[in-house]
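*Asks:* Protein chains in written order, with our numbering: chain A, 1 to 192; chain B, 193 to 523.
If you're looking for bench data, these hints aren't it; they were derived computationally from the structure.
Even glycine gets a Cβ: it sits at the ideal position worked out from N, Cα and C.
One should not assume that every hint holds.
Claimed, not checked - Partner residues are not named here, just some residues of chain A that face chain B (Cβ under 10 Å, in silico): (1) Leu20; (2) Phe31; (3) Tyr35; (4) Phe39; (5) Ser53; (6) Leu126; (7) Ala129; (8) Leu180.
The lines below spell out each chain.
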Amino acid sequence: MSNEKKELARLVKRCQKGDLEAFEGIYNRFFDRVYAYVFRQVDTAADTEDIVSGVFLEAFEKIDGFTWKGAGLAAWLFRIARNDVLDHYRRKGRWQETALPEQCDYPADTAHPAEVAEHNWENAELLDAVKHLSEEQRQVILLKLMFNFSNRQIAEVLEKNEGAVKALRHRAMVSLKQILEPVYQEDFPRND
Amino acid sequence: MINDLEKQLKSALKVDVPLDARDNLRAKVMSSIEQQAMTRKSFTRRRRFWRPQPVFAGAVLSVFLLFAGTAMAASGSHPGNWLYPLKQKTEEARVFAAVQDIDRAGVEIERAGKRIDEIISVVDEGKPEYVDELTGRYNDHLLKAEEHSARAAASGEDISHLEEMMSAMRIRYNGTMRIMLDKLPDDMAVAMRREMGDEPGDEQSSGSASGTPMPAPQAMPAPGMGGDGMSSGGNGGGSMDDGTSSGGGSGSMDGGMEAPDAGSGMSPDYGGDSSSMNESSGAMDGNGGTMGSGDSGAMDDGGESMGGSGSAVPQQPTSGMESRGMGSSDM
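This is chain B alone, in the form it adopts within the complex:
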């Protein structure tokens, strides 16, 4: 019975689908679907376009963060650290990115400042073997800065601020090295002094010339600087009590100004003092010729009075930078 019932039900349940209904409905359905497909296609395209985006954006962000993090870590590195080459490359990229000579000079001066920081770091960390390399790099940066500045000046740019920056950087370097020499191993310190033409014998003579006690480290000439001016400045500095004014044995105003700070053991960061230095130099321009008794003596105010050893005769600067920034030889 069940089977027969099923057979009869099958027959009864048959539906003859009207052909027109099939066609009409197909047209209606497909039309609706086509409209929907337009939206869906654009959605699909958008989705396909956007779907990988979070992944892509995440990857880009990760790479960026990784790079930024590494670059940040590298910025604090110093020679001997595996990130140091990256730091160098980053700096070189900055130089490359600077289009104009005047900008490149600025970056090179900045790099020179970083080398000074690194010198302090490596010495403090007991790795003086890197000082030589860093000194060389420092010199290279300043030489490049001078080249770029010269080009900028040739093209009519005002490079006075660069000169001031370089001058300040040299002062800072000198001060730093004075302090660092104390911390270097003896043999290295001696070699360094010899390299700088600052032999103990010279100190002796300088000291006697100034007639004042010698500060332990002698002022060292910055690369390309007039050695006389700096060393005499150091002598003068040794005689200063207040550390704000000086009298150079050779009568060099700038040398006289920078020596006291270094001699007094202050942080050798002269970067911000360049203007005051120049002002002092300016004051000396007026007085240097008449001053200079051969004895530095005690000074009240380096900007107003000073002792010089008679080198009031202007000397030819070794470069435009020196003559302006350091003023070590033109007093």
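Bound-form chain A, shown alone:
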């Protein structure tokens, strides 16, 4: 067990005994990541703050039931966050799934990856592309690329197995490429 994990285990134990300072320690350790994770999904600071505060309050309520049997505290916390974001959209009634198919291969006329790699997309284009992913694909991308979560951790957040996470990640990247391809074509039309 790493030092970080040991320290987290101590904090959780203290927190389960009602130590508020310990919970503040957990808050300080995870606030930035949870905030960023939520913000990337709801975009507005006001909604993010509401959801993040709700996430930590819920975590405090449920900390007694937390055990180290799963993928760890981060995965447990992000699962709460994910569900809160979903609840947020359900309440607002404007949750939209992407229209892109779950399964897609590289089309025949896709540009060579090497060519695509040379292109630097604008952040806005990339973020917009991510928004077009399915909710699960987006989760994989966010958790993997923003926080470098392991497949196991992501699997716990999504309540899926690791194989499904791998598949989701692959499909997410293919989808992103598909989404971004037209942008690339517009900027650099092929001469053939």
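Got chain A; can you put chain B on it based on the hints?
*Replies:* Just chain B now, with coordinates in the frame of chain A:
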């Protein structure tokens, strides 16, 4: 391409969390959590306090049920049974719990009654070897009851009801023993009669004195009782047909009253008859001096007429209890 795309995505997905938002939100979250913690702490405390309670309550209940069940089982035990010592201890605890002498006397009398029940039990179960021990215990209980009563009387308490209870208990004991003697092995019965000063020879003389057929078991004196009164009562009882009235050979009214029932083989439970006995005794008080022809004769009503052998001269009671309850010697 994928790797580059991922790198660019990583960069694009970065979020700079505003410092003020972090601090403001921390204050907001921690404030809410503190409020929640207040509730949670009390809940936790309550839960920690209550959580073991069902277990504790269950344990207490189990112990109580176990004890109650054992005590109940013990209450029906008799010498030779492994629960009998518990029964004794429970009774002793009751005596100890009774604060006043008058109450303790009552408990001791009750214990004496239980010993009589046990005598019946052990004899019926073919364990006469315990009769001796139980008789001894019975005597001890009544002696203690007398001591407590005497103390209570000394402190100005009205102990008349205790005297009546003790009197009734002695009558019951005598009746019981009369019946039990038949069931005891011969050697034990003889020894018991001898111990009670009720030798066959005495029966003979008594019987002839009364001039009536002898009942098989002779009335036995209760501990501390006047032996004459009881034995003569037994003689008188033998002559009674209706079993409700008697004439004692010695003219003892109480002895005369108790003998018929025992002689007629009725259950020797005299506990509830003490008042009627005393009433009869009271009737005799008025007549005893003039009655007593030396022949018991046949009686119509023990309360109104009786035969006595002339022991109308009042005798000194051996104790206050006897003089009142049994009245065996004061007629």
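*Asks:* If a hint holds in the structure, say so; if it does not, say that too.
*Replies:* Going down the list of hints, with the structure as the test:
Look at leucine 20 (chain A): its Cβ gets to within about 6 Å of chain B, closer than 10 Å, so that hint holds up. Given hint, phenylalanine 31 (chain A) at the interface with chain B, holds; its Cβ is 6 Å from that chain's nearest Cβ, closer than 10 Å. A distance limit of 10 Å between C-beta atoms decides the matter here; for tyrosine 35 (chain A) the minimum to chain B is near 5 Å, and the interface restraint holds. Given the 10 Å rule on beta carbons, the hint for phenylalanine 39 (chain A) holds: about 5 Å separates it from the nearest Cβ of chain B.
Against a cut-off of 10 Å between C-beta atoms, the interface hint on serine 53 (chain A) holds, since the closest Cβ of chain B lies about 5 Å away. Because the closest C-beta pair between leucine 126 (chain A) and chain B is about 4 Å apart, less than 10 Å, the hint holds. For alanine 129 (chain A), the interface hint holds, the least distance from its beta-carbon to any beta-carbon of chain B being 9 Å, beneath 10 Å. Checking leucine 180 (chain A) against chain B by beta carbon gives a least distance of about 7 Å; that is within 10 Å, so the hint holds.
Hint compliance for this structure: every hint is met.
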